[in-house]
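Participant: One letter stands for each residue in the lines below.
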Amino acid sequence: MYGKGLRTLSIATVVAFATSLALVFFYAPLEADQGFLQKIFYVHVPLAIVSLCGFLLGGLLAIQHLRTRDPRWDMRSYVIIHTSLIFAIGTLITGSIWAKGSWGHWWVWSEPTLVSFLIVFLLYATYQPLRFAIEDPERQARYASVFAITSGAFVPMNFIAVRLSTAYVHPRVLGGTSNLPGPMALTFVVSVAAMALLFATLCKYELTAKHTRAQMRALRRRLAGEGDSPRRTRSAVPSSHAHGTVTARVAGGARP
Amino acid sequence: MPALEVERLARHYGEREALSEVSLRLAEGATLAVLGPNGAGKTTLLRVLATLLRPHAGTVRVLGHSLPDDAWAVRGRIGLLGHEPLLYRELTALENLRFHARLHGVGEERVRELLDAVAISGRSAEPLRTLSRGMVQRVAVARAVLHDPPLLLLDEPNSNLDPAAVELVAPLIGACSGRTRVICSHDPAGALGEADLVLGLRAGRVALAGEAAAVEPAQIAELYR
Amino acid sequence: MSGLATKQPRSARAVREQPMLSTVAALLRKELLVELRTLESVPAMTLFAVATFVVFHFALNRGNVEGDLAAGILWVTLLFAGILGINRLFVADDEQGGFDAFLLAPVDRSAMLFAKVLTLLAYLVALELVAVPAFALLLLAPPLGHALPDLLITLALGDIGVAVVGTLVAALAVRTRARDLLGPLLGLPLLVPVVIGAARASSPLLTVGHTGVPAARWLLTLALYDLVFGLITFALFDFLLED
Chain A
221 MYGKGLRTLS
231 IATVVAFATS
241 LALVFFYAPL
251 EADQGFLQKI
261 FYVHVPLAIV
271 SLCGFLLGGL
281 LAIQHLRTRD
291 PRWDMRSYVI
301 IHTSLIFAIG
311 TLITGSIWAK
321 GSWGHWWVWS
331 EPTLVSFLIV
341 FLLYATYQPL
351 RFAIEDPERQ
361 ARYASVFAIT
371 SGAFVPMNFI
381 AVRLSTAYVH
391 PRVLGGTSNL
401 PGPMALTFVV
411 SVAAMALLFA
421 TLCKYELTAK
431 HTRAQMRALR
441 RRLAGEGDSP
451 RRTRSAVPSS
461 HAHGTVTARV
471 AGGARP
Chain B
406 MPALEVERLA
416 RHYGEREALS
426 EVSLRLAEGA
436 TLAVLGPNGA
446 GKTTLLRVLA
456 TLLRPHAGTV
466 RVLGHSLPDD
476 AWAVRGRIGL
486 LGHEPLLYRE
496 LTALENLRFH
506 ARLHGVGEER
516 VRELLDAVAI
526 SGRSAEPLRT
536 LSRGMVQRVA
546 VARAVLHDPP
556 LLLLDEPNSN
566 LDPAAVELVA
576 PLIGACSGRT
586 RVICSHDPAG
596 ALGEADLVLG
606 LRAGRVALAG
616 EAAAVEPAQI
626 AELYR
Chain C
1290 MSGLATKQPR
1300 SARAVREQPM
1310 LSTVAALLRK
1320 ELLVELRTLE
1330 SVPAMTLFAV
1340 ATFVVFHFAL
1350 NRGNVEGDLA
1360 AGILWVTLLF
1370 AGILGINRLF
1380 VADDEQGGFD
1390 AFLLAPVDRS
1400 AMLFAKVLTL
1410 LAYLVALELV
1420 AVPAFALLLL
1430 APPLGHALPD
1440 LLITLALGDI
1450 GVAVVGTLVA
1460 ALAVRTRARD
1470 LLGPLLGLPL
1480 LVPVVIGAAR
1490 ASSPLLTVGH
1500 TGVPAARWLL
1510 TLALYDLVFG
1520 LITFALFDFL
1530 LED
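Protein chains in written order, with this note's numbering: chain A, 221 to 476; chain B, 406 to 630; chain C, 1290 to 1532.
Among these hints, one or two may not hold up.
[What the hints assert, rightly or not] Reference listing, derived: stretches of chain A covered by chain C, where coverage requires no fewer than 3 residues with Cβ under 8 Å from a Cβ of chain C:
hint : segment
1    : 357 to 365
2    : 370 to 378
3    : 415 to 427
Worth flagging that the hints you see were computed from the coordinates, not collected in a lab.
No residue lacks a Cβ here, since even glycine has one placed at the ideal position from N, Cα and C.
My request is simple: use the sequences and hints to build the entire structure.
Facilitator: So, in structure tokens, the structure goes:
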């Protein structure tokens, strides 16, 4: 059920990335002020956009989880959020490199997007510790969903507040993405698409892997005849309880 | 109409089954004793009946209302006495009971009545942390029946109570109180003595069910093996 | 005693849900009673704030501050002192009173949210009654006089934000293992917009010559934040109370 379309998605991602890289290095013109360094823009900004959308989507999935109480929504929310966190770290690193190249400093407070990302990163970095600190899996999922929704609503609020506080102080370092000339705009759009596909592929891989592992565990439990050994270690990862999907397929298993 | 109707209740804890295929039926005014070794799911069952935990499968009807959808209709009609007294140590018995009375819309006279009934009136103005465990348990009993609930859910109610205290609270939570009761107990003999029905749980499943009078000592021993 | 035994249980009569106002009042009364007996939160918050001002004096090697620096010191101190109160907010309920008794009462569960937010607000106001004069005395260069009404508005809006988010975060953290750590870890990033709004708004009020009124922009930011997070907390709180 989960693995469907994984191969297509992976191929699409590779193709998109190849195209995007080709465009970045051979098609997009050099920017007048910053030269070659500016090309990191095609990595940094897509990372930022995809990561932010991921956090918002994680919040939406969490709303679904609280509404339906179906643990699969929580699993999806978890995977999306922690992949977004990785992309957010990527945003910070590439942003830092760009700042160093442009301004000579590894960090600048005058760039509101970068600053907002730092705050968002600090917030979402607590997501997994929060999960890990709750043992009851259902409560863990529920609390995590509350966190995801709150944080998702926080992201736009945070961007507004930070942008307000840095306006009129310094000119923006990393430049706006509006009014890009044609070739740059095309390259940019393809880069965003490639990053989005990468994000989707990574999430799908992880969801498929977790689901498969859960089914394996359920199978093993049925074969061992319900002398069950629940996971003894605490875990931050949601457990996808494979209700009934496995029992139907195991033939001749001794039912107590 | 039975006070409790449970059909194939299931509740899981992650990938582990905490309760599985649990069914029972309890008439109004009757007493059910729930027995079983530690970790068997007794407390989980009690909390599901108390509307504190949601059933993951099966149907549960408490006092005619289906859980979890109609849980709101059942609240205020259940008296829960668990392991914890659910009282604030820094407040006095009177303040604690008044607080619960206000939550349930119960009047002051009832508070005083119950303080007398559990023989705490003399020390009702002292913080609970100065009272002995047995006294705190008596105040907890008062708290549990403050709002006159038709259904009592008791988790080892006589712990910390000496025989005199047990007799004292009997009219409130005992067999003669007229309320429907579910008692979880580690004392099979004592529980069987006052129960009409018995439910034995083992690893979340029903291992023993039936009338208390018909249960044999060998079955109890088997349950706890 | 036998009289009690023969009384009919009121199973026939449906139990009405208790009115919100009386429930919130009962909860609030309980909160303040417990706090008065234990004195766990407010004195600690207040002492912490005053001690922090002293530490700032030595850390910055300055006897008086104004403007941005003053606003920053004031709000950071208030925030960190507030965290002490946030950490203790649900502890008594979790350790003693238990949420179960409340969950079994025929009341709207949002009553607990309102009661807790009001409690935290009360703590913050009590804190500021001491901390702000202490700040004016110890560290602040310009006199507060004219700026006071505007400062009070800023404090009020900021306090509401801290109280609302603080309650949410406290409820999230209290039944986890690292209860004292998770509260601040979750709360501080979430409260950054409050710090931004409140500090930027206070800064012109704490400047020598007191030319400024707080820019409407910052007060609006605070108000918007309070509204958004008030609604979110209201919508999500029930999910945190369940077992």
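Participant: Against this structure, judge whether each hint is valid.
Facilitator: We went through each hint and held it up to the structure:
With 4 residues bearing a CB less than 8 Å from a CB of chain C, the segment 357 to 365 of chain A meets the requirement of three and the coverage assertion stands. Using a Cβ-Cβ cut-off of 8 Å, 6 residues of the segment 370 to 378 of chain A lie near chain C, which meets the minimum of three, so the contact claim holds. With 0 residues having a beta carbon nearer than 8 Å to a beta carbon of chain C, the segment 415 to 427 of chain A misses the requirement of three or more and the stated coverage is violated.
Hint check: a violation occurs at hint 3 only; the rest are consistent with the structure.
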